[in-house]
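Trainee: Take a look at the letters that make up each chain.
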Amino acid sequence: MRWITLLGRTGTVLLMVGLALIVVWVPPAGSPHESSSSGSMSAEEYKIEDSGVYRSQTGFQISVESSESLRVYLLGLTSLELEDWRAQVREAYANLDDIWIKALTVPLIFVKEAYPDLEDPQIEDIMDIVWNVSVLDKGLQTHPEIVLWQSPPSSTLSHEFFPADVLTVTVIVANPSSHNVTVRTKIRDLATLAPKERVIVPAVLLISIGVALAIPWLISRKAKKSTL
Amino acid sequence: MGKGRPFLEVFTCALSEDYWFPILELLVLLCALWTFFSAGLAGVSGSSSDFITVEAFTHNLIYSYTWPLIILVGIPILKNIAYGLGSDVEKGIIHTLFSYPLTRGYILTARLLSALVIPLLLFLGISIFGLFLFFPDIIVANPGTVFLTYAAQLSPVLLTAGLLLLVALRLKQGVPALLTGLTLCFVLFVIFNSIANSIAYGTGSDWSLRIYAVITPNLALQEYCLGTLGLSSQIWVPSFSEVLLYVLAGYLLVAVIFIIAYVYFKRWLRI
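For the protein sequence lines, the chains are A and B, in the order given. Every position in the first sequence, counted from 1, becomes a number in our numbering once 152 is added. Every position in the second sequence, counted from 1, becomes a number in our numbering once 899 is added.
Isolated chain A (complex conformation) (with noise of 0.2 Å):
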């Protein structure tokens, strides 16, 4: 009886701890930005919908619609990553300004790719090839690592993401079909106390554990309560 009132007050408080973080999971923390786009999109082109540095705890949602099917990669470099993929577009591309750069890496990197080639172009000459999906097709064989998550090809989707570390995410969608598309992006920011996949299995196993600890406890508890 009291190994079994041991257990059970130490399930109940497994219990509470699970519970715990269940709530903590549960809401959203801050108040979300929210940001939207419309318009069409060429043939065979790609776009960047959005970048940012994300983390564990802030992540965001997208929604997409089209009139034709497309495709939506997240693609995620370290700081470190991104200012060695800079340092490399700098040096093949020394004529270009670093505000292109910067604000292209990810892209002028896939270029790089796909015509290793191109000697001191301007900035007019990438932006004649940079955007087609066979330069970004070509630049993810190369660096499938960075490729976070990709859709199947839909006209309409949504999906929430968080990264599992620090990141700068380039939210990419592409259009392979061979006619123009109208499209319209959603991107909400999200924040969580807790990371998904840190907390819900210990919430699970803890709240497992401690019901399978109480239950024999607050049954005897019962009983002896009936029987009093």
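The reader is advised that the hints may include incorrect statements.
[As the list claims (entries may be wrong)] Partial pick of chain A residues on the chain B-facing surface, computed with a CB cut under 8 Å:
#1 Arg161
#2 Thr162
#3 Thr164
#4 Leu173
#5 Val176
#6 Ala346
#7 Arg350
#8 Pro354
[Stated by the list, open to error] Cut-off 30 Å, straight-line C-alpha distance, at most; resulting in silico cross-link-like pairs (DSS-like, lysine-lysine):
#9 A:Lys199 / A:Lys290
#10 A:Lys290 / A:Lys338
#11 A:Lys374 / B:Lys1071
#12 B:Lys1071 / B:Lys990
#13 A:Lys199 / A:Lys254
#14 A:Lys376 / B:Lys902
#15 B:Lys990 / B:Lys978
#16 B:Lys990 / B:Lys902
#17 B:Lys1071 / B:Lys978
#18 B:Lys1165 / A:Lys377
#19 B:Lys978 / B:Lys1165
#20 B:Lys902 / B:Lys1071
#21 B:Lys978 / A:Lys376
#22 A:Lys290 / A:Lys254
#23 B:Lys990 / A:Lys377
#24 B:Lys1165 / B:Lys1071
#25 A:Lys338 / A:Lys254
#26 B:Lys1165 / A:Lys376
[As the list claims (entries may be wrong)] To give an idea of the chain B side of the interface with chain A (calculated C-beta under 10 Å), a few residues:
#27 Glu908
#28 Leu914
#29 Leu923
#30 Glu924
#31 Leu928
#32 Ala938
#33 Phe1033
The set of hints was computed from the structure by calculation and includes no laboratory data. We put the CB at the ideal spot given by N, CA and C, even for glycine.
Once you have looked at the hints, place chain B on chain A.
Mentor: Chain B only, in chain A's frame:
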């Protein structure tokens, strides 16, 4: 019959008396919610760039969200030791406990396990679990600072618990022991703190802070971690070895007080 079964019996009796269902559970829920919310907020908005060293950031992170927990677990410690043990002696419950085939030392240990060790285990368990969950990299990278911060924070709690135990055994009454305990906490952590700081700032000498750091080694650790950013950086910035000495001195004081309390309970307590 061994000592295990009666010891468990006394311990569970004390546990049921100290923590009525669901008082313990509510306390745990509050502690866990505070820990996870504050650690989560620190994770969303926290930045280590304001601190000179990673040690300082780690110390400040742990300290900033564990001190309210100390107060939360301090309440049951105060109530269980001062009021609980005082009432046990006053109402003669201690006579029933003495009828178990256990020495007085074991009985006091079982009582303290419930009154003191359970809240401390909850504090350590929940806060370290929260740290591992929200800041695993920081914990793995700075285990020494984490250990030292916890050690420095627990020393005054244990010191107070020891003094409360002595007060309860000496007064042998629940309510007076509780009131004296509350006064003792106020004197130790509010009045002494103000006096030590006033003397230090008034005279520019660090001796009052050094004496007070034996009671609360966290003061020394904080001044060491914050360095020139510390409140009393113009007066006193201890070295790391000094911080270790203050923590050791604090625990030595705790050990002496508990030894006195045990000896008093075993040999001189007349009921």
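Trainee: Against each hint, give a clear statement of whether it holds in the structure.
Mentor: Hints and how they fare:
Here the hint on Arg161 (chain A) is kept, as its CB sits about 7 Å from the closest CB of chain B, short of 8 Å. The closest approach between the C-beta of Thr162 (chain A) and any C-beta of chain B is roughly 10 Å, which is over the 8 Å cut-off, so the hint fails. Checking Thr164 (chain A) against chain B by beta carbon gives a least distance of about 5 Å; that is within 8 Å, so the hint holds. Below 8 Å, beta-carbon pairs count as interface contacts, and Leu173 (chain A) has one with chain B at about 6 Å; its hint therefore holds.
Interface hint at Val176 (chain A): satisfied, since its Cβ lies 4 Å from the closest Cβ of chain B, which is below the 8 Å cut-off. Of the supplied interface hints, the one on Ala346 (chain A) holds, with its beta-carbon coming within about 5 Å of a beta-carbon of chain B, less than 8 Å. For Arg350 (chain A), the suggested interface contact is upheld, since its CB lies about 6 Å from the closest CB of chain B, less than 8 Å. Of the supplied interface hints, the one on Pro354 (chain A) holds, with its beta-carbon coming within about 7 Å of a beta-carbon of chain B, less than 8 Å.
Between the alpha carbons of Lys199 (chain A) and Lys290 (chain A) the distance comes to roughly 15 Å, so the proposed pair stays at or under 30 Å and holds. Annotation: proposed proximity of Lys290 (chain A) to Lys338 (chain A) holds, straight-line Cα distance about 27 Å (limit 30 Å). Of the supplied pair hints, the one linking Lys374 (chain A) and Lys1071 (chain B) is violated, its CA atoms being roughly 36 Å apart against a limit of 30 Å. For the suggested pair Lys1071 (chain B) and Lys990 (chain B), the alpha carbons sit about 9 Å apart, so the restraint of at most 30 Å is met.
For the given pair, Lys199 (chain A) sits about 16 Å from Lys254 (chain A) by alpha-carbon distance, which is consistent with the 30 Å threshold. This hinted pair checks out: Lys376 (chain A) and Lys902 (chain B) have alpha carbons roughly 27 Å apart, not beyond 30 Å. Only pairs whose Cα atoms come within 30 Å are accepted, and Lys990 (chain B) paired with Lys978 (chain B) is accepted, the gap being roughly 16 Å. Among the hinted pairs, Lys990 (chain B) with Lys902 (chain B) is consistent with the structure: their alpha-carbon atoms are about 25 Å apart, no more than 30 Å.
With a C-alpha separation of about 14 Å, the suggested pairing of Lys1071 (chain B) with Lys978 (chain B) holds against the 30 Å cut-off. For the hint pairing Lys1165 (chain B) with Lys377 (chain A), the CA-to-CA distance comes to about 37 Å; that exceeds 30 Å, so the pair is violated. For the suggested pair Lys978 (chain B) and Lys1165 (chain B), the alpha carbons sit about 22 Å apart, so the restraint of at most 30 Å is met. For a cut-off of 30 Å, the pair hint linking Lys902 (chain B) to Lys1071 (chain B) stands: about 27 Å separates their Cα positions.
For the suggested pair Lys978 (chain B) and Lys376 (chain A), the alpha carbons sit about 28 Å apart, so the restraint of at most 30 Å is met. In summary, the hint linking Lys290 (chain A) to Lys254 (chain A) is supported, as the alpha carbons are separated by about 21 Å, within the 30 Å threshold. For the hint pairing Lys990 (chain B) with Lys377 (chain A), the CA-to-CA distance comes to about 26 Å; that is within 30 Å, so the pair holds. Distance check on the hinted pair: Lys1165 (chain B) and Lys1071 (chain B) sit about 15 Å apart at the alpha-carbon level, within 30 Å; holds.
Between Lys338 (chain A) and Lys254 (chain A) the CA atoms are separated by roughly 24 Å; this keeps the pair inside 30 Å, and the hint holds. At most 30 Å may separate the alpha-carbon atoms for a hinted pair to count; Lys1165 (chain B) and Lys376 (chain A) exceed this at roughly 36 Å. A distance limit of 10 Å between C-beta atoms decides the matter here; for Glu908 (chain B) the minimum to chain A is near 6 Å, and the interface restraint holds. Of the supplied interface hints, the one on Leu914 (chain B) holds, with its beta-carbon coming within about 7 Å of a beta-carbon of chain A, less than 10 Å.
Evaluation of the Leu923 (chain B) hint against chain A yields a held restraint, the C-beta minimum of about 7 Å falling below 10 Å. Below 10 Å, beta-carbon pairs count as interface contacts, and Glu924 (chain B) has one with chain A at about 5 Å; its hint therefore holds. Look at Leu928 (chain B): its Cβ gets to within about 4 Å of chain A, closer than 10 Å, so that hint holds up. Contact between Ala938 (chain B) and chain A, as hinted, is supported at the beta carbon level, the nearest pair being about 8 Å apart and thus within 10 Å.
Taking 10 Å as the C-beta contact cut-off toward chain A, the hint placing Phe1033 (chain B) at the interface holds, the least distance being around 7 Å.
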